[in-house]
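Asks: Chain residues, written in single-letter form:
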Amino acid sequence: MSSLRLHVNGEEVEAEAWEGESLLYFLREGLGRFGSKNACEQGECGSCSVLLDGRLVCACLVLAAAAAGSEIVTIEGLAGDPITAAVQRAMVEAGGVQCGFCTPGFVVSLADLLRRNRNPDEYELREALSGNLCRCTGYLRIFEAARRAAAELRA
Amino acid sequence: MKVTVARSLEEALADPEAIFLAGGTDLMVGVNFGRERPEHVVSIRGLSELGDTSVGERVRIGGGVDYTRVLDALGEHSPALVQAARTIGSPQIRNAGTIGGNLGTCSPAGDTLPVLAALDAEVILRSPAGERRVPFSEFMLGPRKSARRPGELVEAVEWLDAGPSQAFLKAGTRNAMVIAVANLALVVDRARKAVRVALGSVGPTIIRALEAEDLARGLFEESGWERPLRPSQAAAARFGELAAGAARPIDDQRGSAIYRRHVVAVMARRALARTGEVA
Ligand SMILES: Cc1cc2nc3c(=O)[nH]c(=O)nc-3n(C[C@H](O)[C@H](O)[C@H](O)COP(=O)(O)OP(=O)(O)OC[C@H]3O[C@@H](n4cnc5c(N)ncnc54)[C@H](O)[C@@H]3O)c2cc1C
Ligand code: FES
Ligand code: FES
Chain Z
1 MSSLRLHVNG EEVEAEAWEG ESLLYFLREG LGRFGSKNAC EQGECGSCSV
51 LLDGRLVCAC LVLAAAAAGS EIVTIEGLAG DPITAAVQRA MVEAGGVQCG
101 FCTPGFVVSL ADLLRRNRNP DEYELREALS GNLCRCTGYL RIFEAARRAA
151 AELRA
Chain X
156 MKVTVARSLE EALADPEAIF LAGGTDLMVG VNFGRERPEH VVSIRGLSEL
206 GDTSVGERVR IGGGVDYTRV LDALGEHSPA LVQAARTIGS PQIRNAGTIG
256 GNLGTCSPAG DTLPVLAALD AEVILRSPAG ERRVPFSEFM LGPRKSARRP
306 GELVEAVEWL DAGPSQAFLK AGTRNAMVIA VANLALVVDR ARKAVRVALG
356 SVGPTIIRAL EAEDLARGLF EESGWERPLR PSQAAAARFG ELAAGAARPI
406 DDQRGSAIYR RHVVAVMARR ALARTGEVA
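Order-wise, the sequence lines are chains Z and X.
Take the first sequence: its position 34, counted from the start at 1, is 34 in the numbering used here, and no numbers get skipped.
Going from the second sequence to the numbering used here is simple: count from 1 and add 155.
Please keep in mind that the hints were generated in silico from the structure rather than gathered at the bench.
Keep in mind that the hints are not guaranteed to be accurate.
Unchecked claim - Here are the computed lysine to aspartate or glutamate pairs in the DMTMM-like style, where the Cα-Cα straight-line distance is at most 25 angstroms:
1. Lys157(X) <-> Glu127(Z)
2. Lys348(X) <-> Glu313(X)
3. Lys300(X) <-> Glu286(X)
4. Lys157(X) <-> Glu144(Z)
5. Lys348(X) <-> Asp275(X)
6. Lys157(X) <-> Glu212(X)
7. Lys157(X) <-> Glu71(Z)
8. Lys157(X) <-> Glu41(Z)
9. Lys348(X) <-> Asp170(X)
10. Lys157(X) <-> Asp81(Z)
11. Lys300(X) <-> Asp407(X)
12. Lys157(X) <-> Glu124(Z)
13. Lys157(X) <-> Glu172(X)
14. Lys300(X) <-> Glu194(X)
15. Lys157(X) <-> Asp121(Z)
16. Lys300(X) <-> Glu212(X)
17. Lys157(X) <-> Glu16(Z)
18. Lys348(X) <-> Glu366(X)
19. Lys348(X) <-> Asp316(X)
To be verified - Some chain Z residues judged to face chain X by a derived CB distance under 8 angstroms, without partners named:
20. Ser3
21. His7
22. Glu19
23. Gly20
24. Leu31
25. Phe34
26. Ala39
27. Glu41
28. Glu44
29. Ser49
30. Val57
31. Leu61
32. Leu63
33. Phe101
34. Gly131
Unchecked claim - Footprint (simulated), chain Z over chain X, 3 or more residues, beta carbon under 8 angstroms:
35. 157 to 164
36. 185 to 197
37. 241 to 249
38. 390 to 401
All residues carry an ideal CB built from backbone N, CA and C; glycine is no exception.
Required output: the full structure, derived from the provided sequences and hints.
Replies: So this is what it looks like as structure tokens:
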């Protein structure tokens, strides 16, 4: 174990970490930020999605110690971002949330898509969300939320 | 476990015993599940020396280039590699995973590997001793075994532009997030009158289907290399059979050997139809 300093959501943070720890573990267990969820630890479910230097990745596959010097943004850090807010509203209105476990990951992924593309077609939408799993909703309402958020952002 | 974040090629190559970490999409799964405990990890993510993307008569993609950037850099160029990169994992995985990592892991199911075989690509390896170029055909030696020596970096891959008549096909249970049950790359280099077919996930290494290549070369010879090829049903079926015959598949949790052989034949026929149309 040693002390690890990272840049998370615009601030310098520090906590004890094992050298082989994933960024996801560090965020949750080291920093107590539980927004990024841990389900598979193998990149399959997307519930740990974060932005690393502006790019959508799975925090479980990032070695925390190797993220030193990088800018990390988690779901918590997206609070106040207007695109994220539109996605969150749409998720609630369309019924895209059931147990809610997958929701932070979907919101981060959708906000990432809509930042780059305000008018995704059906295929682009499916491709953008292909790395996020949901065991409850059957996805249709999440896709509906995505369409609503995109429409709101275009308006 | 010691972790170094390399800021230059020199730093990256300083410890010949170190294990490289690029996107982490293979290595971190092993670390998370306690299967891998490297003593010294050297992060090479973002090293500019591994970030080349030059597209022209000779194409060069740096070992550290992730799939999203491969897609951006290639555009319509080398379409088989574009199609392969497009099928890898998910956006999250494509933003992290690199070509160097696919070659470093050297899984028989690695999606870029049959493409590199069919492009007749060279793997450029870098160590403190200098640069070494290994044709892909001599690079992969077995499942997770390659000619790469400990401490050697995959600096880049290079190939000669083979034109637009190329296809990559992959069989799996979904369009995304799938380890190939079988995959196939076909490159028809019309200018050089060459055909190369490579199969993945149906043997211990990537397999070139040489008899299928001969047959296709004959077909293009007959119909004219510069013209679209519309093979007869019988010729297409024979091409599929020869490709399937070259496969050496096993039964595993992802698919049976019989299914794999079948799907190779189907993919080969489709690849021939698609590349034939593009002249
Ligand atoms: C959810 C998920 C889905 C996936 N889907 C696919 C898929 O569809 N198709 C597919 O082919 N793969 C897939 N993979 C596997 C993986 O993403 C790829 O093999 C990827 O190319 C690995 O690259 P990386 O940069 O993440 O490698 P890392 O995990 O960083 O490294 C992998 C290995 O290569 C070595 N290495 C890395 N870079 C270099 C270099 N430049 N020189 C020498 N050695 C190096 C490392 O030491 C390590 O041994 C998937 C993985 C996950 C987790
Ligand atoms: S916990 Fe990271 S993808 Fe599932
Ligand atoms: S709402 Fe329960 S997993 Fe998606």
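Asks: Determine for every hint whether it applies to the structure shown.
Replies: Against the structure, the hints:
no. : hint                    : result
1   : Lys157(X) <-> Glu127(Z) : violated, 37 angstroms
2   : Lys348(X) <-> Glu313(X) : holds, 20 angstroms
3   : Lys300(X) <-> Glu286(X) : holds, 20 angstroms
4   : Lys157(X) <-> Glu144(Z) : violated, 46 angstroms
5   : Lys348(X) <-> Asp275(X) : holds, 14 angstroms
6   : Lys157(X) <-> Glu212(X) : violated, 42 angstroms
7   : Lys157(X) <-> Glu71(Z)  : holds, 22 angstroms
8   : Lys157(X) <-> Glu41(Z)  : holds, 21 angstroms
9   : Lys348(X) <-> Asp170(X) : violated, 44 angstroms
10  : Lys157(X) <-> Asp81(Z)  : violated, 37 angstroms
11  : Lys300(X) <-> Asp407(X) : holds, 20 angstroms
12  : Lys157(X) <-> Glu124(Z) : violated, 40 angstroms
13  : Lys157(X) <-> Glu172(X) : holds, 12 angstroms
14  : Lys300(X) <-> Glu194(X) : holds, 20 angstroms
15  : Lys157(X) <-> Asp121(Z) : violated, 45 angstroms
16  : Lys300(X) <-> Glu212(X) : violated, 30 angstroms
17  : Lys157(X) <-> Glu16(Z)  : holds, 15 angstroms
18  : Lys348(X) <-> Glu366(X) : holds, 16 angstroms
19  : Lys348(X) <-> Asp316(X) : holds, 13 angstroms
20  : Ser3                    : violated, 13 angstroms
21  : His7                    : violated, 13 angstroms
22  : Glu19                   : holds, 4 angstroms
23  : Gly20                   : holds, 5 angstroms
24  : Leu31                   : violated, 18 angstroms
25  : Phe34                   : violated, 18 angstroms
26  : Ala39                   : violated, 12 angstroms
27  : Glu41                   : holds, 4 angstroms
28  : Glu44                   : holds, 7 angstroms
29  : Ser49                   : holds, 6 angstroms
30  : Val57                   : holds, 5 angstroms
31  : Leu61                   : holds, 4 angstroms
32  : Leu63                   : holds, 6 angstroms
33  : Phe101                  : violated, 17 angstroms
34  : Gly131                  : holds, 2 angstroms
35  : 157 to 164              : holds (count 3)
36  : 185 to 197              : holds (count 5)
37  : 241 to 249              : holds (count 5)
38  : 390 to 401              : violated (count 0)
Figure legend: structure checked against the earlier numbered hints; hints not met, in rising order: 1, 4, 6, 9, 10, 12, 15, 16, 20, 21, 24, 25, 26, 33, 38.
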